Amino acid sequence: MSDRIFGGFGLALAIFYIWAASIIKDSFMVDVVGPRAFPYIVGTIIGLCSIYFILRPDDEPEWPHMREFAEIVFAGAVMLLYCWALPEFGFLISTVFATAYLTWRLGTEPLWSLVVGVATSIGIYVVFHMILGLALAKGPLGF
Amino acid sequence: MEILSLLADGFAVALTPQNLFLAVAGCFLGTLMGALPGLGPANGVAILIPIAFSMGLGPTPSLILLVSVYYGAMYGGRISSILLNIPGDEPAMMTCLDGYPMAQQGKAGEALSLSGVASFVGAFFATCGLVLLAPQLVKIALLFGPAEYFVLFTVAFATLGGISSTNQAKSAFAAALGLGIAMIGSDSQTGSQRFTFDHIHLYDGIDFLIAIVGLFALSEVFIFLEHHRGGAVGSPKATKVGRIMPDFGMIKRCIPSMARGTGLGFFAGVLPGAGASLGSFLAYSLEKQTVDRDGKTFGKGDPRGVAAPEAGNNAASGGALVPMLALGVPGSGTTAVLLAVLLQLNITPGPLLFTKNPDVVWGLIAALFLANFILLAMNIPLVGIFTRVLMVPTRILMPIVAMISFVGIYSITGSSFDVMLMVGFGIAGWVLRKLDVSLVPVILGILLGNQMEVNLRRAMTISDGDWLVLVGSPLAIILWIIAITGFVLPMLMGRRMKKRMENAGSHHEEIAAGD
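Keeping their order, the protein sequence lines are chains A and B.
Residues 1 to 143 (the working numbering) are what the first sequence spells out, left to right.
Residues 1 to 515 (the working numbering) are what the second sequence spells out, left to right.
Since the hints were made in silico from the structure, they are not lab data.
Hints are not guaranteed to be accurate.
A short, non-exhaustive set of chain A residues, derived as facing chain B with CB atoms under 8 Å [said to hold, decoys possible]:
1. Tyr17
2. Asp26
3. Val32
4. Tyr52
5. Ile72
6. Ala75
7. Met79
8. Cys83
9. Thr95
10. Ala98
11. Thr99
12. Arg105
13. Gly107
14. Val116
15. Phe128
16. Leu134
Below, a sample of chain A positions facing chain B; criterion: calculated Cβ distance under 10 Å [as the list claims (entries may be wrong)]:
17. Arg36
18. Ile41
19. Ile45
20. Ser50
21. Val73
22. Gly76
23. Tyr82
24. Phe91
25. Thr108
26. Ala119
27. Ser121
28. Gly133
Predicted model only: the values in this text are computed from it and were never measured.
A virtual CB, placed ideally from N, CA and C, is assigned to each residue, including glycine.
Isolated chain B, as found in the complex (with noise of 0.2 Å):
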């Protein structure tokens, strides 16, 4: 009952006039960057994180638009699934199969309201699960000590290449790479100038949000630029819709598709290292299993396989906000750029903050609820508005995205020096994405790099110096478990998940990274 007084609380925040207004944009907003290839929740989030900080957005007004971005690109994602055969984002690559049959059947509108109440029940149903488990997760979380947050970085690392990941070596490289970075600028502990080189730029630090929005938005302006993909992606023809009211016999059969897209995608998202787009892949491959043995109608415009990995995938990115809150270790690209939204509002994220914070946890679950229903009346009878943004082409549209992620990164910083870091990692993440090397870990290593360190060193100095210390409690070695596990387990199947994975939905470049 604690929980429902907590919650009326959040929502009491949430009903502002002002976070509802900004609840609606950000649906909106992030509606629109889930559909349109090449931009996707992570570098949508990216881009607008400095612009909330400087229109001088408190943090839960903040937090709320984001978050609505958030849930916003997980639905945006499968219009152009559905349409175009283009997956807006990664997650959204299983609607691909049986959507985009539907469409050239005539079934378009169909399956774009059938998907978007598949998105409405897996979301809504992962936002309950993340309001009882995350308070439960504190509970264990209270329980750590320095050691067992340093090892818990540890396993949120050796996890993050994820199932599929094919070259291990890789993802702890860029790891390496990331934590390499924060360690940059003057060390918290003792004050000594490290990697600064006399650099006065450098004696701070490399603000996160520039790596993020370089990283993530910039490259993905490069590899349209490699591409000459200047076109536009979708045609008049091809975004017809035709009747958009839901059918409701059609979703009453897909309702235990969606439930068992939810359970899945739920667990698959609080699992460290999986994300949505394992989500919906596994909610796809069940489905397929339980009721559809001989392939005879999935990959044919079956709705339930329209309906299962839509569910699965918003299930997916609602439990992937458990861990991070929790427990403040991101399990995917995306969780990794909200951490970065709480860090740069001064807000820690794990057990902390539910004691501390509680209007923010209790107002951003709340803002969750509320993005839902407003995404459900959005996605369903307004579908036509974001289909016809399809039309813009890109050539307009990419240098858009390249001056707002320079408009955002100067008007924080303020300083020509960080806007060219900016454009350096830019180029450095399309060299990265070129060689396969996964550009999730860089950015969790430069957002968690200091307080992985400092953990470690408050360890060593409660235990004197000892390094045993590390492997002192049967929590610590319990995770050591789990970091070991998740690191070697991809060596062996991650080639065999790959390849299924990517039999499954066809592999395509522009998806922005990340999910």
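One chain only, chain A, in its complex shape (with noise of 0.2 Å):
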């Protein structure tokens, strides 16, 4: 069944993705065979490889079950918070949440969480921006 939700989708996929290319414009340069050629081709080989994946699905793959499905979903959740705060708090506040957060759900106790989040923040700011240089996203703080 997995198996045919994902060929649907992926038949969905090539279909909007047909039509996309369908819209590219051309521009003032040309050549033979076109921007749209390629695209065309990519295109139908998702729908060829969707449609075999409808008629003739494999077995169902091991899905977690709904407790650890959410674990994933709040993981992503946090790891696109934790992007949009990046420049809003800066590096090290934001990272010793998100880190501690992981770590947490991965069964650190959740005080020693906050623990390991502080210090693998801290430890990573030492070692990738004060040693090699490198730029981090800076807050209103500075850091």
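The task is to assemble the complex, starting from two chains supplied on their own in separate frames and drawing on the hints.
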């Protein structure tokens, strides 16, 4: 069943892709094939494979239970939130919380998670920013 | 003799203090990453690419650092295989079979030092093979026109699923997905905006580094979260190694096994779509066929069963560099990541690389030789340091991996949109892995998509729109035959091969994607 849903999704993607390719505007430069031909080929392959998934699905993969599934969704959400927070609060503060959340969900005690978060954040800041000179996100406080 | 003088120039590049330091650092980091389950050569190198660039290292130093990591990871994978029966990365799976029983018999130190020597032999001779074979392949590649190049890329995609692939439609889907993503952005030939939907962040296309780090590194973090694997992989008792000095008698007895493993592994590495995992599998199987037909000692701690697959795996990783450097077409996940390094440095691999940037090529090859000696030194007396790392619990390690991925991508793009895109790739990678869709073709599609299209369009322009140009030369026809065989063969025997590989080595989901 999963493969069939995947195939349906792939087919929708292929149709969307081919449609999006068909509206590519030509520019003043032209060549024999044009900018649409290769995307059409790619879209067709995606479509054909998707039809195959619908007709001949593989065995069901082991999907996680609701709880683990929620775990993935929340972790994804926290990471996205982290990306949003980086320019708002700066690297050090955002990283403390993002790391603390991830290590907590992997089984660290809540209070220790914060310690791990602080240590990781400062550790990365020192190694990558101060020693190796990488540009990290700067918040209003300058770090 | 010309090769020797070029190689000497290469060593002059590789032996500067800065490059030497980078090689040592790369070897150390690589061995660490290889030893830790969840971090393998592909995602280890992937995480380090953006960091190497943000540090402002030049092309040759970055390459030296990253290939040292690559070789290091191939050495490191065996440590957890032997001590814990958990392969540190996919190619090290076969080493579990006899390495772990040896460790249980109290011979962990011997197994580690023997496999270190075997890794050295495999990688050293494979690097020699690379020196001899790559320039020959370049001579053939110089005959390629745009049409042949287009077909060559098709060969890469058709064979990437590998002989053990069970569902070729999924490999094809993955490749097309990657090619489709590569099309986003302005068209290199005419400048038309494609699939950007007037979204300014997409005008330049999607940076392949974002996709690679997301798909390889972040999806790994999600796999760990899903399974709540937070504990340490090793315990103090299991990581005791005992006598570390190699037993020379044992090594001497294993020389023929190493030789067979090296030859077979190198061959598997050069072939498109085989890679190091298959290299070590073939080396182990052949060794068992040759010296232990009745299955009396293999699987029960036979040193030859450790030496052969380790030599095979490291020889294959050297061999895999041949098509990557000479043709610009990688045959495995990790070499795809190394291709990303070259592309990021604005170096186009392929035949012209050898004539235009000989300093890069020969510096790289010299660095490989150097890395081998450094790794041999690191892996025999210092193996104890690496075993201690196995006691760091993953609940602390994986968040650090995630954060370093973020740091790398943010420091090269400086945009939170790109970092969010990386999270998106991470989640997509997790779903695709669940559905048994390989991520390597996706990466390769993103990397090669534009070149593949450019070659197709050039061929068409030359032939004035005649599609038959794609089968217009004997070389192109041979390549088509290879592509079709490589695509169809797994359909006939993929299930059988996969079953054999799975029966031989227990299947671990937490092994990092790609090899």
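**Prompt:** Is the shortest C-beta separation between Ile72(A) and chain B less than 8 Å?
**Reply:** 6 Å, holds
**Prompt:** Hint check: is the beta carbon of Cys83(A) less than 8 Å from a beta carbon of chain B?
**Reply:** 4 Å, holds
**Asked** Hint check: is the beta carbon of Gly107(A) less than 8 Å from a beta carbon of chain B?
**Response** 3 Å, holds
**Hint status (Cβ of Val73(A) to nearest Cβ of chain B, threshold 10 Å)** = 9 Å, holds
**Prompt:** Going by Cβ atoms only, is Tyr52(A) closer than 8 Å to chain B?
**Reply:** Check passed: Cβ of Tyr52(A) comes within 4 Å of chain B, closer than 8 Å.
**Asked** Hey, does the Tyr17(A) contact hint survive, CB to chain B under 8 Å?
**Response** Constraint on Tyr17(A) satisfied, holds at 6 Å.
**Prompt:** Should the interface hint for Val32(A) be scored as holding, given a Cβ-Cβ cut-off of 8 Å against chain B?
**Reply:** Holds. Min distance 4 Å.
**Message:** Checking hints one by one. Is Thr95(A) an interface residue toward chain B, by the C-beta closer than 8 Å rule?
**Reply:** 6 Å, holds
**Request:** Please verify that hint: Asp26(A), Cβ, nearest Cβ of chain B, below 8 Å or not.
**Result:** 6 Å, holds
**Asked** With 8 Å as the cut and Cβ atoms as the points, is Ala98(A) at the interface with chain B?
**Response** 7 Å, holds
**Request:** Would you settle whether the hint for Phe128(A) is holds or violated, based on the nearest Cβ-Cβ distance to chain B being less than 8 Å?
**Result:** 6 Å, holds
**Message:** Holds or violated: the hint that Arg105(A) contacts chain B, with Cβ atoms closer than 8 Å.
**Reply:** 6 Å, holds
When held up to the earlier numbered hints, the structure conflicts with none and fits them all.
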